Amino acid sequence: MSDFADQVSQFMGPFVGRVPHNKQLGLRFIANGSNWVELQMPFAPHLLVDPDHGIWASGPIITLMDTAVGMASMLTRGAFEPHATLDLRTDYVRSPKPEATVTARGECYRMTRQIAFVRGLAHDGDPADPIAHVAGTFMFAASKLASGWRA
Amino acid sequence: MTNPALPALLQQPAGRLDLLPYAALLDLSFERVDGELQLVMPFAETLIGSPGRLHGGSIGGMLELAGLLTVIATQPEGEALPRVRPVTVTVDFMREGAATETRAAASITKLGRRVVNVHATAWQGSRDKPIAAAHINFVLDWPEK
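These protein sequence lines are chains A and B, in that order.
In terms of this note's numbering, the first sequence opens at residue 1 and continues consecutively.
In terms of this note's numbering, the second sequence opens at residue 1001 and continues consecutively.
In case anyone wonders, no lab produced these hints; they're calculated from the structure.
These figures come from a predicted structure and were not determined experimentally.
The C-beta atom is built at its ideal place from N, Cα and C for all residues, glycine as well.
Be careful, since some hints might not be right.
[To be verified] Among the chain B residues that face chain A by a calculated CB cut under 7 Å, a handful are: (1) Pro1021; (2) Glu1045; (3) His1055; (4) Gly1060; (5) Glu1064; (6) Pro1086; (7) Val1087; (8) Thr1088; (9) Asp1092.
With the hints as constraints, model all of the structure from the sequences given.
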């Protein structure tokens, strides 16, 4: 892994769970590589939209995935630069099992001068049987291009 | 199936959405403005994603609930209600979510019996400057007869 990826594992990873809205939802950092990150969100009753039937709300999954792919784009960028989600599409393949811990894996598969292209999936135990897929883009300020990053 | 108390609640001029635990977490309430269902999310420190800005996920979650509740409000009262679940949610983020109140409303593009196509918008202050918008396809699961 690159020095930057190591730096993220040590400092930024543990910080993810302290971002206020991530903390409210119980997100935690699991692992990262040079262009991917894995996060988890354990079940909590306030993540549901329909408590009578144990049905999860969509918002917590969006927050989890947005955070995972956002971190992945920063890892790929190789620097802590301001960036913003341009768009994010989530496909709900199936419902999470009741009271499951949801694991998200986000990766950045292409970085250009201004845009990071990302994708990811969420699962409740088996990555081969996902609950959701995401695809999206993030916008970086090109003027603040990290040194050492190649087109 | 959907909680039967919801469609009746949504006919009120205003109210809180604590029937939905995630909506309670976001401190959401609703208001009928000229007949339109608008969700209101007051600013709270717990919604922050990066310093001084709302987390994109809290805005996305609010947009999805605006769509969901707009669909539920169209269902006739007293009848067996379908479970409404999002299958695809695409969110465009146009502006930063500032540390202030956010509103969201949704319009139904096509109301089918099995699929409902919805467009939802979130804004702060000025409605013609949306901070985010979502295109959502909901599938309705009807209870067995």
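Against the structure, the hints come out as follows:
1. At a threshold of 7 Å, the smallest CB-CB gap from Pro1021/B to chain A is about 5 Å, leaving the interface hint in force.
2. Residue-level restraint check for Glu1045/B holds (minimum Cβ-Cβ distance to chain A is 5 Å; threshold 7 Å).
3. The beta carbon of His1055/B is positioned within 7 Å of a beta carbon in chain A (closest approach about 4 Å), and the interface hint is therefore held.
4. Checking Gly1060/B against chain A: minimum C-beta separation of about 4 Å stays under 7 Å; hint holds.
5. Hint status for Glu1064/B: holds, given a least beta-carbon distance of 4 Å to chain A, under 7 Å.
6. This hint holds: Pro1086/B has a C-beta 5 Å from the nearest C-beta of chain A, less than the 7 Å allowed.
7. The closest approach between the C-beta of Val1087/B and any C-beta of chain A is roughly 6 Å, which is under the 7 Å cut-off, so the hint is satisfied.
8. Evaluation of the Thr1088/B hint against chain A yields a held restraint, the C-beta minimum of about 5 Å falling below 7 Å.
9. Annotation: Asp1092/B was flagged as interfacial toward chain A, and the flag holds, the nearest CB pair being 5 Å apart, inside 7 Å.
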